[in-house]
Structure formats: C-alpha cells, structure tokens
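Here is what each chain is made of, one letter per residue.
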Amino acid sequence: MDNNRKTFANKNLWAGILLGFGFVAFIDEAVFHQLLHWHHFYDKSTTEMGLVSDGLFHAFSFFATIGSSFMLADLHRRNAFWLKRWAAGIFLGAGTFQLYDGIIQHKLMELHQIRYGVNILPYDLVWNVLAALLIGIGILLLISKQKSFVKEEVDAHR
Amino acid sequence: MHIDNHTHSHVSNDILVQIILAFPFILLLVIYLHAVYILNQHKRKWPIHRPVLWTIGILSAVVTVNGPLADLAHINFTAHMFGHILLGMLAPLLLALAAPMTLILRTLPVTASRSMIKVLGSKSIRVLSNPIITSLLNVGGLWLLYTTDLFVMMHEYSLVYLLVHLHIFMAGYFFTISFIYIDPIAHRTSFVFRSIVLLLALTAHSILSKYIYSHPPKGVSAVEAELGAKIMYYGGDVIEIVLVFIICQQWFKNSRPKVKESKQEVYL
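Those protein sequence lines, which keep their order, are chains A and B. Taking our numbering, the leading residue of the first sequence gets 1, the next gets one more, and so forth. Taking our numbering, the leading residue of the second sequence gets 1, the next gets one more, and so forth.
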C-alpha cells in the first residue's frame, strides 16, 4: 500500500490551514510587535470586540501551531501526508488570517494600525493585497491538486 | 503603589502570614520526598525527574509567598504579577507533572489506597475536575481580583491576602489537572472538549492582561500596570504553550493508529 493520503485529504488541508494561521500570527507578533515595534500592545481606540477578538486569536494562534504540528506527525505516522494539499492549506490559512487581521481587526475593530505616524494607506494596501495573493496561491494549489487527483483516478482505471 | 507600610504590627503580621502560607508547601515537599524514599526501599523505582519537578514546583510557590519577592509584591505590581505567574501557573504545572496522586496511591497500603480512590471518584472531585468549573474558578477568580476592590482589600487584610493566595494556587492546580492527565482522574473529558474550554480560558486570560494595561487596579500606577500586564500576557504565554503542547502530545499518543501498533513493536 503506497499511502493513505486520499482517506486523510481533509486532514492534510486542515493541518496546513492551522499551521499557516499560526505562522502568520507568529510573524505578526515577532516582526511587527517585537522587532519593528510598529504594532502596539494596546491602542486607546480598541473596541471591546477588538480586545475579545485579539485575545481569542492570540490563544488560537499558538494552539493552532502546536496542534497542527502534531496533526502533521499523525499524518506521517499514518503514511497519509500529501504535500500539495498541505501546502495549499498553509497558503489559505495564512492569507485568510492576514486578511482578517488587515480588514476586520485593524480597520473595523481598530485594534491597532500597521504603523503609526505615517500615511497608512500604502501599508494597508500592501498588507491586504499580499493576503489576497496568499489566498490565490492556496486556491490554485488546491485546484491543481484536484486536477492531478482526477488524472490519477483516470490512470488508475485504465 | 503604596497601599501598605502603615505600622510595625502590620509588618510582624506579614511575617506570620508568610510563614502560614509557606508551611503547607514545605510539608508537601517533605511528604512527597518521604513517599519516594519508601517506594524506592520496596524496589519500585519512581522516576527521578518527578521529585525534581516537585521540588522546583514547591520552590516556585514558596518564593512567591515567603521572602523578598513576597515583600516586594506588596508594594510593586510588577513583582506581584511575576509572583502570580509562579504561584498560579508554573508551580501547579510542575506539581501536576510530578504525579503526586499516583505516588500516594502506590505508597499507601492497599485498603487506604482503595478508600482514596473512592474519594477521587466522588462527586465533589467530579466538580473540581470539570474543565469549565476549574476555568471559572481560575480565570474568573483573577477577573474578580483585578477588577474589583478585592485587590485593595488583599493588601489591607491579612486574612484576605492569605485566602487569595491559597485560591490562586489551588485554582491553578485544579485547572492544570483538569486539562492534562498525568495522575489517574475518574472523570475524563474528550480532547476536543478540553481544547475548546482551554482556548476560551486562555483567551479570557489574555483579555484580562490587556484590560489591566488600560484599567490599572486601584492604587497601581499606569506605568506599573502596563509592565505588569505585559508580564501576565507574555509570561502566561510561556506556561500556556507548555500546557497546550502536553495536551496535544497526549492526544497524539492516545490516537495512535491501532493497526500499526504490532508493526511498531517489531521495530522496538
């Protein structure tokens, strides 16, 4: 038996999504909060919803990173790892979280801005366009995966 | 923050409170090490890492309630918050990892062990090992402490100080053992259920730290509250990451595919 990846197709995708999610949250914390000090720990304009959302996503980010690593180990242990589908998940998870952070948390909930004391528009544009790009790559990977999946199925029936 | 430093009687009172708080921990250390000694006499080896974890856990609790850090915590919110991480998070985690109930059950005579198991299976323990209840006791208790006058009262009345600190430790311990299963526990809950409750509890913890940042407790300056809040937020993260790692690792071990087990044994 070569592998069980089709049985665990969704698990591969989810392991990727959660990891992408945790990865972006880690970059956000390490680069923008700690290294560049662009983001603020707390902003006076933060709404209550913003505080709740921030707390939830903060806890979820390291839960997702650790959980998805064990999921990955589980997939390997079951001989069910599917690189393309897992990678598609990473891009989807990373892009979705970045877009959520950029639009909902930064703009609607006014948690904090990307950077202070500058014209914020180019920063917001780069942030959100990058997020859309990540999602785009994720979707492309997912579709190309399905094409190769169909091809494999056809080959198998020949 | 200068709530305290009134009179000399207050100071001697503080020393008494410090001794009362440290005593049970020292007693627990003696009992644990004694039990390990008895067990090893009977040639049933107890893993060495456990008494080490137990000792470090006891020490982190004791330095919080007794000595210079405890003195400083009265007048300095940053020190108070550091102590809160040690007493309410680190000590409970280390003590839980040292598997004290397993040790006691192995050391006690069979009849005593049996009645002990009965107690562990009782209704009150069932309540105390429910993750939702322990989360409410733990994080809910903290919300109460930092957003009400309880914080000021804690520094004025020795009894309140004593009870609050006992609560922080006990709630932290029951919280820890309701999520990670090191010792035998009668009322287990599913991994998904525990994960969701833990996620919410950790969320409430980080929200509270940011709330303290913007709303300092009475008598605490803005500068101290900001630093204390960051210690609570990031210091909490360190312990929480360990907790999440263990809960996921336990899932990983328990969900091992059945078919492969025989194959793995061949390799071993």
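Rather than coming from a laboratory, the hints here were simulated on the basis of the structure. Hints may contain errors.
[As the list claims (entries may be wrong)] Derived pair list, reagent style DSS-like, types lysine-lysine, alpha-carbon separation capped at 25 Å: (1) Lys107/A <-> Lys218/B; (2) Lys6/A <-> Lys258/B; (3) Lys230/B <-> Lys218/B; (4) Lys6/A <-> Lys84/A; (5) Lys45/B <-> Lys253/B; (6) Lys6/A <-> Lys253/B.
[What the hints assert, rightly or not] Sample of chain B residues lacking proximity to chain A, with all beta carbon distances greater than 10 Å (derived): (7) Phe23; (8) Ala35; (9) Asp71; (10) Ile104; (11) Leu108; (12) Thr203; (13) Ile241; (14) Val244; (15) Ser255.
[What the hints assert, rightly or not] Which residues of chain A face chain B? A partial, calculated answer using Cβ under 7 Å: (16) His58; (17) Phe63; (18) Gly67; (19) Tyr123.
Ideal Cβ positions, reconstructed from N, Cα and C, are used throughout, including at glycine.
Each hint, compared with the structure:
1. A threshold of 25 Å between alpha carbons decides the hint, and for Lys107/A with Lys218/B the separation of about 32 Å lies outside it, so the pair is violated.
2. At most 25 Å may separate the alpha-carbon atoms for a hinted pair to count; Lys6/A and Lys258/B meet this at roughly 19 Å.
3. For a cut-off of 25 Å, the pair hint linking Lys230/B to Lys218/B stands: about 18 Å separates their Cα positions.
4. For the suggested pair Lys6/A and Lys84/A, the alpha carbons sit about 12 Å apart, so the restraint of at most 25 Å is met.
5. Pair hint Lys45/B plus Lys253/B holds up; C-alpha atoms about 24 Å apart against a cutoff of 25 Å.
6. Of the supplied pair hints, the one linking Lys6/A and Lys253/B holds, its CA atoms being roughly 23 Å apart against a limit of 25 Å.
7. No beta-carbon of chain A comes within 10 Å of the beta-carbon of Phe23/B; the shortest separation is about 36 Å.
8. At the 10 Å boundary, the C-beta of Ala35/B stays outside the reach of chain A, the nearest C-beta of that chain being 33 Å off.
9. Interface exclusion of Asp71/B from chain A stands, the closest Cβ pair being 29 Å apart, more than 10 Å.
10. Listed as a non-interface residue, Ile104/B keeps its Cβ farther than 10 Å from every Cβ of chain A; the least gap is roughly 31 Å.
11. The non-interface label for Leu108/B is consistent with chain A: the shortest C-beta to C-beta separation is roughly 36 Å, beyond 10 Å.
12. Thr203/B, annotated as away from the interface, has a beta carbon of chain A within 10 Å; the closest lies near 4 Å.
13. At roughly 6 Å, the least C-beta separation between Ile241/B and chain A is not larger than 10 Å, which violates its mark as non-interface.
14. Distance check on Val244/B: its Cβ comes as close as 5 Å (rounded) to a Cβ of chain A, failing to clear the 10 Å threshold; non-interface status is violated.
15. Annotated as non-interface, Ser255/B brings its C-beta within 10 Å of a C-beta of chain A; the closest such distance is 7 Å.
16. Given hint, His58/A at the interface with chain B, holds; its Cβ is 5 Å from that chain's nearest Cβ, closer than 7 Å.
17. Annotation: Phe63/A was flagged as interfacial toward chain B, and the flag holds, the nearest CB pair being 5 Å apart, inside 7 Å.
18. Taking 7 Å as the C-beta contact cut-off toward chain B, the hint placing Gly67/A at the interface holds, the least distance being around 5 Å.
19. Among the interface hints, the one on Tyr123/A is violated; its C-beta lies about 23 Å from the nearest C-beta in chain B, farther than the 7 Å criterion.
Figure legend: structure checked against the earlier numbered hints; hints not met, in rising order: 1, 12, 13, 14, 15 and 19.
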